[in-house]
Every structure is written in structure tokens, then in C-alpha cells.
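*Asks:* Given chain F, work out where chain U should sit, using these hints.
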Amino acid sequence: RKEVEQDPGPFNVPEGATVAFNCTYSNSASQSFFWYRQDCRKEPKLLMSVYSSGNEDGRFTAQLNRASQYISLLIRDSKLSDSATYLCVVNPNYGQNFVFGPGTRLSVLP
Amino acid sequence: EADIYQTPRYLVIGTGKKITLECSQTMGHDKMYWYQQDPGMELHLIHYSYGVNSTEKGDLSSESTVSRIRTEHFPLTLESARPSHTSQYLCASSGDRIREAFFGQGTRLTVV
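Chains F and U are the protein sequences, given in the same order. Going by the working numbering, the residue at position 6 of the first sequence is 6; the numbering climbs one at a time, nothing skipped. Take any residue in the second sequence, note its place counting from 1, add 1000, and you have its number in the working numbering.
Note that these hints are calculated values from the structure, not bench results. Mixed in with the good hints, there may be bad ones.
[Claimed, not checked] Taking CB as the label site, the calculated pair distances span:
hint, chain 1, residue 1, chain 2, residue 2, range
1, U, Gln1105, F, Leu74, 39 to 47 Å
2, U, Asp1096, F, Gly16, 40 to 48 Å
3, U, Glu1079, F, Glu56, 42 to 50 Å
4, F, Leu109, U, Val1052, 33 to 41 Å
5, F, Tyr51, U, Asp1003, 20 to 28 Å
6, F, Tyr70, U, Lys1018, 43 to 51 Å
[Unchecked claim] Listed below are the simulated EDC-like cross-link pairs for lysine to aspartate or glutamate, each with C-alpha atoms no more than 16 Å apart in a straight line:
hint, chain 1, residue 1, chain 2, residue 2
7, F, Lys42, U, Asp1038
8, F, Lys42, U, Asp1059
9, F, Lys2, U, Asp1059
10, F, Lys45, U, Glu1100
11, F, Lys45, U, Asp1003
12, F, Lys45, U, Asp1059
13, U, Lys1031, U, Glu1063
14, F, Lys2, U, Glu1042
15, U, Lys1017, U, Glu1079
Where a beta carbon is used, it is the ideal one built from N, C-alpha and C, also for glycine.
In isolation and in its complexed conformation, chain F is listed as follows (with noise of 0.2 Å):
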């Protein structure tokens, strides 16, 4: 089993739709969160870090469930710009390396 685990995809949704990325983890230590977004031939880019009481940022939200090790994104009102692979990313404690899910790739179309 993958250390962590996300959605396969991909997904395929209308301008305007809301989505839901679904991630697991296995190191119940871990210590911090993150998802990131890929555009296609382009680095890794933080997209917003994940804390235990959810957060949001405009049309994103992130919640974290330490008691099932499961981590989501939400994107409301999804843009065209949206359209990239999104990366669940769990670094398991201080000392140790960050581990990237195989993330899952979202296209919005007109």
C-alpha cells in the first residue's frame, strides 16, 4: 500500500462545478499537510497547506481528518485555470521527507 493515496482520475467537469479531491495517508505520526498543484511540464507549486481545523482560501477549502488519515479539497466554482494535477503532499514528522501522492488530474471544460 502507497503511503499515501489519492482519487485516480481523472476528472472532468463543467466551468462551474464544484469538485472534490479525496486523499489517504498511512503514517498516522504525520505532522503536516499540504496540496499542491502541477500544471502540465511545470513544477510542483503550493496551493495551500492543510491544518487540523480546515481552511479556505477563496474558492478552495481543505479539511483534514487526523482520526480516519484523510485529507480533501474542495474547489467551488471551478475555472478553466484550473484545469492541472493536484498533489495531496504529507511530510511524516520533522527529520523525515516529504511524500507525494500520485495526485489526480483535473480538466474543467468550457
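*Replies:* Just chain U now, with coordinates in the frame of chain F:
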């Protein structure tokens, strides 16, 4: 914007050549990483460093080597390039206080 730079951005080179991919960051981060990523595929960690004179191999076996003589610099070297080394190589860094990783723009390597 993150201050982490990779050169060259694109490299096409013949089989058997020695190459060095450069990565520099100006954020004073102790931790630096090299990832390999084929198009449409997952990131694979090939090397990492937690500070000067500290280097370790990552999860994916790689024929490349790295060095960390200065905090800001983490070059990756292939002694004899082969077509199987064709891939994108991404360098990243992270600090103690800021937990997330920052990526360079990557080097797209093609070995012919």
C-alpha cells in the same frame, strides 16, 4: 515567489557524456531534494540532503550522484548519460520554520 533556481532548463546531450544539473537556493534552507518525474507520472525522490556534507539516496534508485558543499548549492551529476536517464529533474528545498517544499522550474533532460 520561491528563490530556487535550476540550470539548464533544457538539455539535449549524447550518450556517454558527463552532465551536471545545477540547483541553487537563496532562502538559507537546510534541506534540499532532487526528484525525477516522467511526463504524466509521479514524482520520485532520488537524493536529499539535510545540510552541508550530508547527502542520502532517495526512494528511487538512481545512477546519479549529488554533493552539498555549500548550503545554497546542490548539484546533481550523471557520469555517463544514457537514454534511460531522459526525464525531468526537479530540485526542491525546505526550511525549519516554513514547512512546505519550494521547487525549482526543473531541468528537462533528453539523452540521445
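*Asks:* Each hint: holds or not?
*Replies:* These are the hints, each one checked on the structure:
no. : hint                              : verdict
1   : U:Gln1105 to F:Leu74: 39 to 47 Å  : 29 Å, violated
2   : U:Asp1096 to F:Gly16: 40 to 48 Å  : 41 Å, holds
3   : U:Glu1079 to F:Glu56: 42 to 50 Å  : 49 Å, holds
4   : F:Leu109 to U:Val1052: 33 to 41 Å : 49 Å, violated
5   : F:Tyr51 to U:Asp1003: 20 to 28 Å  : 25 Å, holds
6   : F:Tyr70 to U:Lys1018: 43 to 51 Å  : 46 Å, holds
7   : F:Lys42 to U:Asp1038              : 12 Å, holds
8   : F:Lys42 to U:Asp1059              : 22 Å, violated
9   : F:Lys2 to U:Asp1059               : 12 Å, holds
10  : F:Lys45 to U:Glu1100              : 10 Å, holds
11  : F:Lys45 to U:Asp1003              : 13 Å, holds
12  : F:Lys45 to U:Asp1059              : 22 Å, violated
13  : U:Lys1031 to U:Glu1063            : 21 Å, violated
14  : F:Lys2 to U:Glu1042               : 12 Å, holds
15  : U:Lys1017 to U:Glu1079            : 7 Å, holds
Hint violations for this structure: numbers 1, 4, 8, 12, 13, all remaining hints satisfied.
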